[in-house]
Amino acid sequence: MLYLLGPRALPLILLGMGIFLAPPYWKKVLVNTAIFGILALSWDLLVCTGLVSLGQALFFGVGAYIAGTLNHYWGWPWWVTLPTATVAGGLLCAGILAPVLRLRGIYFAMVTLVLPLMLVRIIEATKILGGTEGLSGLQTFPSSWVELVLSLAAFFAVLFGFRRLMGTDYGLVLQGIRDNDRSVLSSGINIHWFKAQALFIAGATGAFAGAFMTHTYMFVGMPVFALDYSILPIAAAVVGGMGTLAGPAVGAFILIPLSEVLRALGALRIVIYGLFLVVFIVALPEGLFPYLSRKYHQFERWVEVE
Amino acid sequence: MEVHPLLQVQELTKDFGGLRALDRISFTLNQGESLGIIGPNGSGKTTLVNVITGFLRPTGGRVRFRGRTISGMGPHRIARLGLGRTFQMARPFYHLPAYKNLVIPLFSPRVRRLAGGRYGDRDAVAIDLLEEVGFERDSFVPFKPASVLPHGYLKRLELARALAIRPELLILDELFSGLSMAEVSSTVPIIEHLQAQGITLIMIEHRLRELFRIVDRVIVLNFGRKIAEGTPAEVMESEDVKKAYLGSE
Amino acid sequence: MFLGTLVYGIVNSVILALVALGFNLTFGISGIANFAYGALYVLTGYGVWILLNEVGLPLFLAAPAMVVLTAMAGALLYRVVLIRLRGMAISEVIATFGVGLAVLEFFRYLGFIGFEYTLPPLLDGSLSIGPVFLDLQRALIVIVGVTLTGVLWLFTHHTRLGLAFRGIAQDEHTAMCLGIHSDRVAMFSLAFGGGLCALAAVVILPIGTISVDAGYDVLLEALAVCIVGGLGSAVGVIVASFILGLAQTYTAMYMGSHWMMIVTLVAILLILTIRPSGLFGKQKELEERI
Ligand SMILES: Nc1ncnc2c1ncn2[C@@H]1O[C@H](COP(=O)(O)OP(=O)(O)OP(=O)(O)O)[C@@H](O)[C@H]1O
Ligand SMILES: [Mg+2]
Numbered sequence: 001m002l003y004l005l006g007p008r009a010l011p012l013i014l015l016g017m018g019i020f021l022a023p024p025y026w027k028k029v030l031v032n033t034a035i036f037g038i039l040a041l042s043w044d045l046l047v048c049t050g051l052v053s054l055g056q057a058l059f060f061g062v063g064a065y066i067a068g069t070l071n072h073y074w075g076w077p078w079w080v081t082l083p084t085a086t087v088a089g090g091l092l093c094a095g096i097l098a099p100v101l102r103l104r105g106i107y108f109a110m111v112t113l114v115l116p117l118m119l120v121r122i123i124e125a126t127k128i129l130g131g132t133e134g135l136s137g138l139q140t141f142p143s144s145w146v147e148l149v150l151s152l153a154a155f156f157a158v159l160f161g162f163r164r165l166m167g168t169d170y171g172l173v174l175q176g177i178r179d180n181d182r183s184v185l186s187s188g189i190n191i192h193w194f195k196a197q198a199l200f201i202a203g204a205t206g207a208f209a210g211a212f213m214t215h216t217y218m219f220v221g222m223p224v225f226a227l228d229y230s231i232l233p234i235a236a237a238v239v240g241g242m243g244t245l246a247g248p249a250v251g252a253f254i255l256i257p258l259s260e261v262l263r264a265l266g267a268l269r270i271v272i273y274g275l276f277l278v279v280f281i282v283a284l285p286e287g288l289f290p291y292l293s294r295k296y297h298q299f300e301r302w303v304e305v306e
Numbered sequence: 001m002e003v004h005p006l007l008q009v010q011e012l013t014k015d016f017g018g019l020r021a022l023d024r025i026s027f028t029l030n031q032g033e034s035l036g037i038i039g040p041n042g043s044g045k046t047t048l049v050n051v052i053t054g055f056l057r058p059t060g061g062r063v064r065f066r067g068r069t070i071s072g073m074g075p076h077r078i079a080r081l082g083l084g085r086t087f088q089m090a091r092p093f094y095h096l097p098a099y100k101n102l103v104i105p106l107f108s109p110r111v112r113r114l115a116g117g118r119y120g121d122r123d124a125v126a127i128d129l130l131e132e133v134g135f136e137r138d139s140f141v142p143f144k145p146a147s148v149l150p151h152g153y154l155k156r157l158e159l160a161r162a163l164a165i166r167p168e169l170l171i172l173d174e175l176f177s178g179l180s181m182a183e184v185s186s187t188v189p190i191i192e193h194l195q196a197q198g199i200t201l202i203m204i205e206h207r208l209r210e211l212f213r214i215v216d217r218v219i220v221l222n223f224g225r226k227i228a229e230g231t232p233a234e235v236m237e238s239e240d241v242k243k244a245y246l247g248s249e
Numbered sequence: 001m002f003l004g005t006l007v008y009g010i011v012n013s014v015i016l017a018l019v020a021l022g023f024n025l026t027f028g029i030s031g032i033a034n035f036a037y038g039a040l041y042v043l044t045g046y047g048v049w050i051l052l053n054e055v056g057l058p059l060f061l062a063a064p065a066m067v068v069l070t071a072m073a074g075a076l077l078y079r080v081v082l083i084r085l086r087g088m089a090i091s092e093v094i095a096t097f098g099v100g101l102a103v104l105e106f107f108r109y110l111g112f113i114g115f116e117y118t119l120p121p122l123l124d125g126s127l128s129i130g131p132v133f134l135d136l137q138r139a140l141i142v143i144v145g146v147t148l149t150g151v152l153w154l155f156t157h158h159t160r161l162g163l164a165f166r167g168i169a170q171d172e173h174t175a176m177c178l179g180i181h182s183d184r185v186a187m188f189s190l191a192f193g194g195g196l197c198a199l200a201a202v203v204i205l206p207i208g209t210i211s212v213d214a215g216y217d218v219l220l221e222a223l224a225v226c227i228v229g230g231l232g233s234a235v236g237v238i239v240a241s242f243i244l245g246l247a248q249t250y251t252a253m254y255m256g257s258h259w260m261m262i263v264t265l266v267a268i269l270l271i272l273t274i275r276p277s278g279l280f281g282k283q284k285e286l287e288e289r290i
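Just so you know, the protein sequences line up as chains A, B and C, in that order.
Per our numbering, the very first residue in the first sequence carries number 1; after that it's consecutive.
Per our numbering, the very first residue in the second sequence carries number 1; after that it's consecutive.
Per our numbering, the very first residue in the third sequence carries number 1; after that it's consecutive.
So here's chain A without its partners, still in its complex pose (with noise of 0.2 Å):
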């Protein structure tokens, strides 16, 4: 029994633990890791139906100014901002990428690479939304304690959401998109929506990450369009395994706490992540996550042997 619950019951046991017992300054890193967690699911998500994002960054910058934008402007509380940003968030996202979703190929990645890059300009240029020096002094949370729990909540409610979603037939459609398209049409499914779907998803989550983190630092700026925020989701989901969505939870919570470790490296840590990019999806394609559930369901039949 106990090999059967373990590999579920143990990441929750040592959370709570760590909860418990961090110092407050891996209490911050713990946020951080579920918010890049949350990040990457997002990013994972449309990886489920096909469609490969260089640019998590549009999404959670999005979610960051909005919420950024409605505290400052209009001093929206924490708890109004962020359900708002969510939502308005992943409507403008989709919104945006709607007209690329008819494009087969690469189309997707190429567009998501350019957005957020420019977007960082056009604030930069007109000045809007506090320009370069971005809006500071937004409200925070009311607690650490708040903030760690509510994001560790959502982070476990995006990933056993997104995890069931896919598993009921909505979620075969969109796996059913990613591995043929034109089989999913020829059944009378409009793929474009269903696409559309999954963007505004994807789009909410993204931006629910964003808003949150702008609560977090009670600042949002250029900043949050960086490349980071497009590479470390696709870095921890490659790490653990594209297209499970446990394997991004799982290589979120690698890479982010080893970043902190590898903070004093300064640029040399996005080369590690590049290199990390190019050597797991040329040497370890399915991921981490994939594979140690191989190895832990050939140790499952071992066990039945005896």
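Calculated directly from the structure, the hints in this document are not laboratory data.
As the structure is a computational prediction, the values presented were derived from the model and not from experiment.
There's no promise every hint is true.
Stated by the list, open to error - Derived SDA-like pairs: lysine to any residue, alpha-carbon spacing no greater than 20 Å straight-line: (1) B:LYS144 <-> A:GLY167; (2) A:LYS127 <-> C:MET255; (3) A:LYS127 <-> C:MET253; (4) B:LYS243 <-> B:THR231; (5) B:LYS144 <-> A:HIS297; (6) A:LYS28 <-> A:GLU260; (7) A:LYS127 <-> C:GLY256; (8) B:LYS144 <-> A:ASP169; (9) B:LYS144 <-> A:SER293; (10) A:LYS127 <-> C:SER257; (11) A:LYS127 <-> C:LEU265; (12) B:LYS242 <-> B:ARG225; (13) A:LYS127 <-> C:VAL263; (14) B:LYS242 <-> B:ARG209; (15) A:LYS127 <-> C:TYR254; (16) A:LYS127 <-> C:MET260; (17) A:LYS27 <-> A:LEU262; (18) A:LYS28 <-> A:THR216; (19) B:LYS144 <-> A:GLN175; (20) B:LYS144 <-> A:ASP179; (21) A:LYS127 <-> C:HIS258; (22) A:LYS27 <-> A:ALA153; (23) A:LYS27 <-> A:GLU260; (24) B:LYS144 <-> A:ASN180; (25) B:LYS144 <-> A:ARG294; (26) A:LYS127 <-> C:THR251; (27) B:LYS243 <-> B:ALA233.
Got chain A; can you put chains B and C with the ligands on it based on the hints?
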């Protein structure tokens, strides 16, 4: 009220750049009929299917289904009207078990509408469908990942996928290609059973002997043109057809 | 003033076209989008700089040497990484992106930042077109751009290798049946793209400084041009370069250089809503081959 034929193809033309893949093809098909389309490789058979089912936009001409013009509609809308098709290259949803492959077409709005807006148990329906196309119900085969199924099963899975949306017109693009003799002879009764249910059929096939057992009428394409139409016997008598198949002169 | 802007607008357009041609060529031939493209550009820049200042080669040796080396880097990228990922679009994208990132950030880590990283112009001096003065380096850019376009056209339409490229681009399966080695051609496509990229770097970089961020900018510009023009279409690339190049220059002239990127962004958004596949693109059909 005027009664329309099920499918009318009128002067259908398709160009790929300079290549005319279809050249003013016309034919009609009535409810319950079975039509064969034959022709040498590259003669435009698959292109014809793609244009009829909306995967390609015709350069000229039009297609009507029950009198309604469907050329220009998207493939999913055409499918919802009841045109099912298989693909020549059977590519399943590799990540999923065989029966889950059918859950996707069973999610189609058409299926829901025919069922009166209710969701059924798609898994059960899927397994029934697989049995219909010859997957052994009490074996593990329906539960195996599609990626490990042998070619013969993939072809039949492809057929089941097209059947899942309960089509009125079913277009089969080289269903028999790559099947062994035994597999073909076990598939023929499945198709005859579909005919008995009243499904209208278009079959593209290179295996003429089996095809002629199934269909009432045959169209022959060569270089995008229709060079003959008639019963199998008539068509095989035609000089043009002999030339097309045996090479001219 | 207007005329001057026109001249500089044309130069800017040619720069965009030069930058995008290599990316587009690789994609057009092998269907691989090389997201390490910006890294190759910067690699050339720093490579020439090192050869000049550390090794002490003269410019007329250093520049061609780096063009060849960068082309080989492109080929290497295919041989070592991409060959294992052929056909898996998602992995191809991520792998090239990862390589580009690693190379660019490695230069940043090594400390290649600052104004001393400039390349000497290949040609010194200036010429005047009516009232407008144009330095010879910019004139050279235009000449190289025009020549290159012509050579590329001749190459793809009139040489065996070029025809093989076009064959692969149109139908990989058929080309393979006709005895065209698709792996080798794909490797060539990356080498050629890399070489073009290096050539662009060698002629363009002397008018500014070499920086890591130029790598990202170049990739962005190449992508923007390809999105607007239509991926895989050479005509599209050239038309889009001129639309974007002229629009950018006039905007910079009359509204300030901050607004240049906005023009590009607006163009991309417009194209996406009106014609998602780009002005000359044909990527949207859901057709089945064979
Ligand atoms: N998407 C496409 N773009 C360009 N040309 C195409 C395309 N699809 C098909 N063709 C060309 O159109 C012609 C007809 O092809 P089609 O696939 O319809 O032939 P077919 O009769 O189905 O052949 P087969 O018996 O081999 O399946 C061929 O010359 C083919 O190369
Ligand atoms: Mg065919």
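To see whether the hints hold, each was checked on the structure:
| no. | hint | in the structure |
| --- | --- | --- |
| 1 | B:LYS144 <-> A:GLY167 | holds (17 Å) |
| 2 | A:LYS127 <-> C:MET255 | holds (14 Å) |
| 3 | A:LYS127 <-> C:MET253 | holds (19 Å) |
| 4 | B:LYS243 <-> B:THR231 | holds (18 Å) |
| 5 | B:LYS144 <-> A:HIS297 | holds (17 Å) |
| 6 | A:LYS28 <-> A:GLU260 | holds (11 Å) |
| 7 | A:LYS127 <-> C:GLY256 | holds (13 Å) |
| 8 | B:LYS144 <-> A:ASP169 | holds (18 Å) |
| 9 | B:LYS144 <-> A:SER293 | holds (19 Å) |
| 10 | A:LYS127 <-> C:SER257 | holds (14 Å) |
| 11 | A:LYS127 <-> C:LEU265 | holds (16 Å) |
| 12 | B:LYS242 <-> B:ARG225 | holds (15 Å) |
| 13 | A:LYS127 <-> C:VAL263 | holds (16 Å) |
| 14 | B:LYS242 <-> B:ARG209 | holds (15 Å) |
| 15 | A:LYS127 <-> C:TYR254 | holds (18 Å) |
| 16 | A:LYS127 <-> C:MET260 | holds (15 Å) |
| 17 | A:LYS27 <-> A:LEU262 | holds (17 Å) |
| 18 | A:LYS28 <-> A:THR216 | holds (9 Å) |
| 19 | B:LYS144 <-> A:GLN175 | holds (17 Å) |
| 20 | B:LYS144 <-> A:ASP179 | holds (17 Å) |
| 21 | A:LYS127 <-> C:HIS258 | holds (10 Å) |
| 22 | A:LYS27 <-> A:ALA153 | holds (14 Å) |
| 23 | A:LYS27 <-> A:GLU260 | holds (12 Å) |
| 24 | B:LYS144 <-> A:ASN180 | holds (18 Å) |
| 25 | B:LYS144 <-> A:ARG294 | holds (17 Å) |
| 26 | A:LYS127 <-> C:THR251 | holds (17 Å) |
| 27 | B:LYS243 <-> B:ALA233 | holds (16 Å) |
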